[in-house]
Every structure is written in C-alpha cells, then in structure tokens.
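Visitor: Listed below are the residues making up each chain.
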Amino acid sequence: MIATASGVRKSFGTTTALDGVDLHVAPGELVGLLGPNGAGKSTLISLLVGLRRPDSGKVTLFGGDPRVAANRRALGTTPQETGLPQTLRVGEVLDLVSAHYPDPAPDVLERFGLTGLERRQTGGLSGGQKRRLAVALAFVGRPRLVVLDEPTTGLDVEARRTLWEGVRSFHAEGGTVLLTSHYLEEIEALAGRVVVVDRGRVLADGPLADIRDKVAVSRVSLRSAIAPPLDGTVHSTREGDRWELHTPDADALVRALVHADVPFTDLQVRPASLEEAFVSMTAP
Amino acid sequence: MTVLHWRYLLLEQIRVPIGLVSTAAFPALSLLFFVVPFDYGAADETAAVVGLSVFAVMSSFLFTFGVGVADDRERSWDPYLRTLPVAAWPRIAGRILSGATFALVAIIPVIVVGALFTQATATVPRLVLGIVALVVAGLPFLLGGLAIGYSLPVKAALPVTQLIFFPVAFAGGLLLPPQLFPGWLEAVSLVTPARGARELVVWAVQDTAPDTLALVVLAGWTVLTAALAVWAYRRDEGRRFR
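For the record, the sequence lines run as chains A and B. For what it's worth, full-length UniProt numbering labels the leading residue of the first sequence as 1, then goes sequentially. For what it's worth, full-length UniProt numbering labels the leading residue of the second sequence as 1, then goes sequentially.
Check each hint, because a few of them may be wrong.
[Unchecked claim] Derived EDC-like pairs: lysine to aspartate or glutamate, alpha-carbon spacing no greater than 20 Å straight-line:
1) A/Lys58 x A/Glu92
2) A/Lys130 x B/Glu186
3) A/Lys214 x A/Glu188
4) A/Lys130 x A/Asp103
5) A/Lys130 x B/Asp44
6) A/Lys130 x A/Glu158
7) A/Lys130 x B/Asp78
8) B/Lys155 x B/Asp71
9) A/Lys130 x B/Asp236
10) A/Lys130 x A/Glu118
11) B/Lys155 x B/Glu74
12) A/Lys214 x A/Asp241
I should point out that these hints are in silico values taken from the structure, not numbers from a laboratory. Because the structure is a prediction, the values reported are computed rather than measured.
Put together the whole structure using the sequences plus the hints.
Guide: Structure, rendered in structure tokens:
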C-alpha cells in the first residue's frame, strides 16, 4: 500500500475533524477525495503527509510513519492556495525544493507551461502561474505518490486543463495520485476511484461511475396537498405542502407525478449541489 | 540542509531591505544625535554604544522571530516545506541563524559610529566577548519572539511586539543610562530582561561589576520565554489548519 489511514480520529479543541476514517491507496491509483469545505479532507491529507499526528488510529506512508522524513522521499505535495515566498525567483524556489532530493526532475517547468519564467519573482506571477508552479513543485522529486489539495481552485479553464494534463500523464506513467476537491467536475475529469467525505466520515468509496450515480442527483420541489409517488427518490422532505425530492432520474419522477395525477403546483427541477447530494447519502 | 534553509531565508528577506535598514539605522542614528554631539566621557559613551547594540539585537530578534514566524504560519509555504523529506530542525536552525545574521548586521552601524565618532573604546578581545555576550543576552528576545510568533496572528503579533519592545527597551536602560532613572523606574528596570542584557554586555565589554539581581532576572526570563515558546509551538501544531 502506498498510503493508509485506519480508524483515524482527529479533533481540534471541541471540533471533531475526523471521526474514524479508513482509507487505503494502492500503487497506481488515482483517488479523488470529494467533500464540501470543512468536511475533513485537508485534515486527512495533513495526517497522510506527516504534518500532524492522529489522536487515535494509524496512518502509514510507504509502509512507515509519515512523520519520519525518510518516509516522505517519494511523496510530492503542493503548497495550498498561493503561499509561495513572494520575493524568491521561480528558479530559486525550484532549486530550494530540488536540493531535498537525490535526483530531481529537470523538466517540471516545461511540463506545467512555465518555461522562461525562471528569473521572475513568484510575487509577480499571475494567479494561474503561481498555482501551476505550486503544483509543479509536487513533481520535482520524481515522486511515486502525489497529493494535491484543491489543485485548481480559482483557476481559469485553460490553466485547469494544463494542470489536469500534467496529472494525467504522471498517472499514465504509473504514478499514484491522491487529490481533493469540492468540485464533482474535477474529480470526474481525473479520478478513477472516489472517496466521499463529509463531517469527518467516509460516506462512500468506490469507482467513479458508482459514486457519480449517487452524487449526481436532481432536486425536484413542488407543492401538493397529497403525497407524491416516492419510487426512485433517494431522499424526501416535507414542510407543509412543500415537498422536496432527490432523485437520480428527474424525468422519470416528473412522468410518475403526471401519471399519478398528483395536483401539484410550483414545480421546480434543478441539479442538487454536492452538499444536498451528501444529505441524501447520509439520511435515507 | 541547515545552510540551505539559512541561505534561502536570508535571500527571501534581503529582497525587502527596508526592515533590515530600519533595524540597523535607528540605533546608529540615536547614537549620532544623542551622544556624538556631547561629551559624556569614554566610559558612559561606551555604555551607550553597548545599550544601543542590545537595542539593535533585541529589535531584530523580536521582529524576525515574532512577526516573521507569525507571517510564516499564515502562509502555506512553511507547512509545505515540512512535507519535504527533511526533519524539522534544519529549517528551525536556519531561521535562528538568519535572525542571528540580521542581528549582527544591525549592530555593525552602531559599533562603527561608536568607534569613529565617540570616545567609546574597547579592545578587540573585549569586543569579541561583548558580541558573544550579546548572543546570550538576546536569548530571551529570540525565545519571546518565537512565543509571540507561534501564538498570535500577524495582525496581532506586530502591535504586540511593538508594545512590548519600546517600553522594555527604555526601562531596561538601552536608550538612557539607568543611572538617570528615579528610584521607581530603577526598580522596574531591574526586572526587565533588557536591563539584565545590558548589564551582561557592559560587564563583558567594560569589565564593570554587573548588578547580580539583573543577571538572575535575565536568566529567569530566558527560562520563562523558552517555556512559553515551547508551549506556543505545541499549541500551534494543534490548530494551525483544518
């Protein structure tokens, strides 16, 4: 196993960030951690890369304790947000990171479309360039596992594609990737396996297609004095005569409504947000 | 690895020289304006140079470690570096070395002005001893800076450092000699770490008997700030990010 977490708990004061999490990442996998902000994704990552210790449970990286420096030799991570030292030049940042590895890769700037920027101070780069540099740093040490925490937050479409390309080609060469995102779209574009995390727990773990069916639900709301047919819905709530139904197939639900001759008004159909989809995964 | 991190920390800060310049310029300018035009005699003028050197070390330690560390914690660069295959101590040692380097740079102007334009004198061995004493005397400020840096966000660390720095430096007799202090201020002065620091370095440079109480207090502050720094570091580890 490349990285494992078993029965991991972590609290900060009175806040429980992780409440008994199990995660196993095998060589060559491209695993997406999906969950809303504050779900515990970043805490889980911080344990796996050795930044902190779990309160209970066990975390391993390449079979050892991630807090031991030698066990992080084949790990590549990226600074979150834009935390690059503003006054250092791109080349200097790269040299600083390269000095920590026996055989640093010479071509990460090219791979992430940053050629020719070596002499620029990082503070003078555009947002997209900073982000790409941050991600490029993860690949400097020829890692076997790359951990990317919200890699494309705030990027434009083109910058996002360049990044995705870099990640895909690394994976195609046999690299293992663990990535977090609160965008279903990003996870869909990259990950083969999806782990859904919310409120410090793993809600689902499986192939992309399975998880997508669970997460990609529509939210149908309507007013009706009598109960609508609930076949095919994964979650329903009622408040007075206002019904809210979650279903993977909104067309079928609407057809069933009409067939059953339910006297509904004010029908609205829209895709459920991830947060809403998570509600239907936790509450039956 | 320590040298590597030291080098890059220096590089990072040298690119914004204004902080360094102000730390180094203030003590030298104070000497130029308040000592050079007058005649206080060699002993008092030497003591003035010592006081302002302690002032320079104190300010560079408090600001590099207080505000610098607080700033580091707010950026994700430092946690990123901690995920590289390197233990934590080379980075910490590099930071302490860079603080010491800037402190050294900060005392050069005041010593040069003292040597050229005042009656202050010291033999070379005494000067070297004085610099060693400065390092020891600076410890409570280094550790106190770390305690502030690890416990407060930048926006609070900056005013807190300024609030502590100036009164302590003044009461410690770094700007005006403590001989001029009224009784009550002398009593306050003796319990500040700055007074002990001054006594220690004056002792090293001029070989005049130090105030024992002030030295004991300095040792006490060193232990206390070390404990605070460790406590703040541990607490920070638990809450830095979610």
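Visitor: Determine for every hint whether it applies to the structure shown.
Guide: For each hint, the structure was consulted:
1. A/Lys58 x A/Glu92: Status violated; Cα separation ~36 Å.
2. A/Lys130 x B/Glu186: violated, 54 Å
3. A/Lys214 x A/Glu188: Answer holds: lysine 214 of chain A to glutamate 188 of chain A is near 13 Å, not above 20 Å.
4. A/Lys130 x A/Asp103: Violated - the C-alpha atoms of aspartate 103 of chain A and lysine 130 of chain A are around 24 Å apart, more than 20 Å.
5. A/Lys130 x B/Asp44: Measuring from Cα to Cα gives roughly 54 Å; hence the hint is violated.
6. A/Lys130 x A/Glu158: Since the Cα atoms of lysine 130 of chain A and glutamate 158 of chain A sit roughly 14 Å apart, the hinted pair holds (cutoff 20 Å).
7. A/Lys130 x B/Asp78: The given pair, whose Cα atoms are some 16 Å apart, holds under the 20 Å limit.
8. B/Lys155 x B/Asp71: Status holds; Cα separation ~9 Å.
9. A/Lys130 x B/Asp236: violated, 27 Å
10. A/Lys130 x A/Glu118: holds, 12 Å
11. B/Lys155 x B/Glu74: holds, 11 Å
12. A/Lys214 x A/Asp241: With Cα atoms ~27 Å apart, lysine 214 of chain A and aspartate 241 of chain A exceed 20 Å; violated.
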